[in-house]
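Peer 1: Sequence:
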Amino acid sequence: MYITNYNIEDVYTSEKDKNSFDYAKKSIDQAISKLVHDKKHITKCRNLYEGKRDAEEFKYLQETFGIETPLALKMTPLVKTRIDVLLGILLDETFTYRVTANDSVTLDEIEIQKVEEKIKRIKAKYSEQIAANQKNLGGEAPQEENLVTQKYLKHIDNLVNEEFISSFEIAAQSLITFFNQDPTMDLKQKVKQYFSDLLITGEAYYKTSVPQVGADPIIEIKKPENVFMNKNTNHQFISTGNKPNVDLIVNREFMRREEVLNLYGHHLSKENREDLFGKAPSQSAGSNITRSTREIKYSNSSLDSDRSRNSQYTGSGTDYIPVYYVEWLANNKVEISDELRKDMQTVEENTVSKETEELYGKDIGSGLSNKEAYRLDKYEGIRIGEDIYINCGRSLRTVRSIGNPWQTKLSYNGCGYNERNGKAYSIAWSLKDLQDSFDIIMFFRDNLIANSGVNGSRINLAAIPKVLGTNFMERLMKFMALRKQGVELIDPTEDGANLFSGYGDFKASMDGNVIASLNVVLETVQAQADIVSGVNRHMYSAAEARDAVSNVRVGQQQTSLITKDLFSLVDVARGYMLIDLVNCARYAYIKGKRGSYIVGHRSVIFNVQAKNFCFTDYDIQVINSSSENAKIEKLHGLLPELFKAGELDSSVLVKMVLSNSTSEILKEVTESNNRRKEENDQVGQMTQKVEQAEGQNKELQKSIDELIAKVEAFEKEEFELRNR
1 MYITNYNIED
11 VYTSEKDKNS
21 FDYAKKSIDQ
31 AISKLVHDKK
41 HITKCRNLYE
51 GKRDAEEFKY
61 LQETFGIETP
71 LALKMTPLVK
81 TRIDVLLGIL
91 LDETFTYRVT
101 ANDSVTLDEI
111 EIQKVEEKIK
121 RIKAKYSEQI
131 AANQKNLGGE
141 APQEENLVTQ
151 KYLKHIDNLV
161 NEEFISSFEI
171 AAQSLITFFN
181 QDPTMDLKQK
191 VKQYFSDLLI
201 TGEAYYKTSV
211 PQVGADPIIE
221 IKKPENVFMN
231 KNTNHQFIST
241 GNKPNVDLIV
251 NREFMRREEV
261 LNLYGHHLSK
271 ENREDLFGKA
281 PSQSAGSNIT
291 RSTREIKYSN
301 SSLDSDRSRN
311 SQYTGSGTDY
321 IPVYYVEWLA
331 NNKVEISDEL
341 RKDMQTVEEN
351 TVSKETEELY
361 GKDIGSGLSN
371 KEAYRLDKYE
381 GIRIGEDIYI
391 NCGRSLRTVR
401 SIGNPWQTKL
411 SYNGCGYNER
421 NGKAYSIAWS
431 LKDLQDSFDI
441 IMFFRDNLIA
451 NSGVNGSRIN
461 LAAIPKVLGT
471 NFMERLMKFM
481 ALRKQGVELI
491 DPTEDGANLF
501 SGYGDFKASM
511 DGNVIASLNV
521 VLETVQAQAD
531 IVSGVNRHMY
541 SAAEARDAVS
551 NVRVGQQQTS
561 LITKDLFSLV
571 DVARGYMLID
581 LVNCARYAYI
591 KGKRGSYIVG
601 HRSVIFNVQA
611 KNFCFTDYDI
621 QVINSSSENA
631 KIEKLHGLLP
641 ELFKAGELDS
651 SVLVKMVLSN
661 STSEILKEVT
671 ESNNRRKEEN
681 DQVGQMTQKV
691 EQAEGQNKEL
701 QKSIDELIAK
711 VEAFEKEEFE
721 LRNR
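Each residue of the sequence shown is one higher than the last, beginning at 1 in the working numbering.
Derived from the structure by calculation, the hints contain no laboratory data. Note that the coordinates shown come from a computational prediction; the quantities given were computed from them, not determined experimentally. Take these hints with a grain of salt, some might be off.
[To be verified] For lysine-lysine, the following BS3-like pairs were computed, each having C-alpha atoms within a straight-line distance of at most 30 angstroms:
{"id": "1", "residue 1": "K223", "residue 2": "K371"}
{"id": "2", "residue 1": "K423", "residue 2": "K466"}
{"id": "3", "residue 1": "K26", "residue 2": "K270"}
{"id": "4", "residue 1": "K120", "residue 2": "K593"}
{"id": "5", "residue 1": "K52", "residue 2": "K188"}
{"id": "6", "residue 1": "K231", "residue 2": "K188"}
{"id": "7", "residue 1": "K593", "residue 2": "K243"}
{"id": "8", "residue 1": "K371", "residue 2": "K39"}
{"id": "9", "residue 1": "K188", "residue 2": "K611"}
{"id": "10", "residue 1": "K190", "residue 2": "K698"}
{"id": "11", "residue 1": "K39", "residue 2": "K16"}
{"id": "12", "residue 1": "K40", "residue 2": "K188"}
{"id": "13", "residue 1": "K207", "residue 2": "K34"}
{"id": "14", "residue 1": "K25", "residue 2": "K243"}
{"id": "15", "residue 1": "K25", "residue 2": "K44"}
{"id": "16", "residue 1": "K231", "residue 2": "K564"}
{"id": "17", "residue 1": "K698", "residue 2": "K716"}
{"id": "18", "residue 1": "K231", "residue 2": "K34"}
{"id": "19", "residue 1": "K710", "residue 2": "K698"}
{"id": "20", "residue 1": "K231", "residue 2": "K333"}
{"id": "21", "residue 1": "K371", "residue 2": "K18"}
{"id": "22", "residue 1": "K591", "residue 2": "K80"}
{"id": "23", "residue 1": "K207", "residue 2": "K716"}
{"id": "24", "residue 1": "K223", "residue 2": "K207"}
{"id": "25", "residue 1": "K192", "residue 2": "K611"}
{"id": "26", "residue 1": "K564", "residue 2": "K223"}
{"id": "27", "residue 1": "K207", "residue 2": "K710"}
{"id": "28", "residue 1": "K40", "residue 2": "K564"}
{"id": "29", "residue 1": "K26", "residue 2": "K44"}
{"id": "30", "residue 1": "K16", "residue 2": "K243"}
{"id": "31", "residue 1": "K154", "residue 2": "K190"}
{"id": "32", "residue 1": "K125", "residue 2": "K114"}
{"id": "33", "residue 1": "K80", "residue 2": "K40"}
{"id": "34", "residue 1": "K243", "residue 2": "K192"}
Full structure from sequences and hints, please.
Peer 2: This is how it looks when you write it as structure tokens:
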């Protein structure tokens with residue numbers, strides 16, 4: 001049995017009804033009441049990372065260990081150090097990106113562009129041949145042979161297939177490079193913040209949006225304690241590629257009223273503004289609204305109370321109101337063609353008995369698809385406070401896949417780490433018990449040191465001789481001084497001398513072995529923390545090593561296989577971020593985009609047209625540069641040998657040394673080889689022409705010799721005739 005009357009059912013709500021404000025308002029209120037709750041466990045995780053003790057969490061310290069003030073217990077950072085090491089490793093890594101188009105329409109266009117590129121190159125070769133023939137014709141030189149040989153055609157075909165980059169890929173790559181370097185977007189810092197949330201809370205989320213057409217897309221890292229959704233444990237990410245895994249999400253933000261006015265003042269009605277700021281002073285007698293600086297009244301008590309208040313959501317201050325951003329996916333009915341119905345069929349048609357038909361219906365278990373299907377549409381709305389609703393309705397900027405247009409996804413994405421059991425795994429929370437043990441042992445060790453004294457003996461005060469002085473303190477000090485010199489005076493004639501007897505020695509000093517044992521226990525706790533977190537000693541104590549001559553970093557970074565899954569998860573999220581930003585650019589740059597980014601020491605200006613990316617599905621592969629470092633080192637080792645052998649020019653050699661990408665190095669080598677092949681072909685052609693000319697010269701010289709011989713013969717014959 002399904003729980004009805006709990007949701008606004010798509011099957012009974014038409015697309016027309018969903019365009020009403022009443023539907024949006026009820027959907028927003030229902031989502032907020034159903035999903036929003038206080039995530040106290042995230043607050044405790046953040047307190048652990050920041051070195052703060054939670055009052056509730058540490059009550060047992062008093063009951064179990066006798067610590068009267070657990071909150072005053074000194075907290076040595078065991079969690080923060082290890083998480084900061086992982087963040088440092090992430091910041092030290094560099095990434096490259098490979099972009100490919102995956103929809104059939106774009107792939108067909110890419111093949112057409114390849115053919116056009118081949119035709120362009122062949123046409124250029126024919127033009128070169130015609131120009132050479134015209135030049136030779138004017139000089140009465142022999143005509144050029146056909147330069148577009150079968151060998152040349154094969155060379156052009158291989159070259160275009162291997163090295164050709166379509167306008168679609170160039171556009172996406174230019175945008176990705178621009179996004180990575182844009183200081184306003186600050187993508188590197190956003191990824192670091194995303195990873196920080198994942199380590200501390202076990203959850204990390206972000207949102208991509210387009211403020212308006214023509215503006216750059218925006219990416220925001222959302223605090224996990226303010227994001228609520230209905231994701232089940234089958235999925236790790238909110239959306240996987242273009243497939244949605246969540247159909248309802250609420251993002252709660254706390255804003256000052258001035259922020260709300262600045263961001264959404266163009267959506268607020270007069271009644272909304274009065275709800276936020278009150279009625280105008282002229283319309284409300286006795287209003288507390290300040291109209292000038294003279295009317296401002298200060299209250300030290302209220303200011304002090306405001307300073308003392310602190311919230312995990314707003315920091316300090318009280319003039320904040322909750323703003324709820326709600327997005328949900330709803331199904332709307334669409335008609336499908338007969339051809340598509342056949343393509344959607346997965347089983348053969350079956351027969352249904354009359355009894356079954358009467359009981360369950362005519363089409364029960366049929367393999368045929370209905371004439372109607374359902375398309376996912378994204379709806380959104382904003383609720384400010386309790387009763388202000390703005391920007392409600394179906395989203396105009398919905399991302400859809402070219403290959404699967406019936407689905408869409410939310411503008412949010414992110415994941416929970418290892419949440420198959422319904423609860424995300426937090427590195428900070430996993431170290432909680434070890435952090436407690438470490439601090440408790442530190443507490444007892446410091447107490448032992450603070451309360452330690454010296455070894456000594458017990459002396460009966462009445463037995464100290466009176467001869468040492470009339471004042472008791474004087475006698476005591478003299479007695480101690482003599483005892484320190486090894487002399488202990490006793491007067492057996494005095495009354496009470498018989499009371500002088502030894503009461504035994506005592507030991508009040510701290511045994512060094514006890515401190516050493518406690519330090520060993522502390523080391524053991526830290527070793528356990530290393531195993532749990534995956535951060536070993538080599539990782540958080542390593543320094544950057546550099547070569548003394550070239551000042552190039554030569555040290556190898558130590559990482560743990562335990563943390564490799566975390567970094568892999570962030571790499572996937574990084575790729576999703578870039579895909580979402582490119583998808584947002586479809587709407588933001590519908591009129592095209594002109595910008596610039598830096599490559600090496602020069603600025604590259606790009607100008608992409610909307611037709612080259614607005615209707616394309618992309619795949620983005622994130623490549624960690626550390627995996628390419630070994631290849632680059634091997635290539636750098638081969639460069640001197642290649643240069644000595646004459647295989648590389650000096651300019652190509654310099655570019656390869658300065659490059660940190662294997663793909664760029666391969667591109668430079670390929671282009672150099674292609675240029676060298678073309679030069680060799682030209683040299684070969686010139687050599688062949690020279691050989692032909694030499695052959696022609698020899699034939700001409702032979703003809704000249706023959707003519708000279710004939711002339712000499714004629715002259716000799718003429719001379720003989722004259723002498724007769």
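Peer 1: Any hints this thing doesn't respect? Which numbers, in order?
Peer 2: Result: hints 1, 2, 8, 10, 11, 15, 22, 23, 25, 27, 29 and 31 break, sorted rising.
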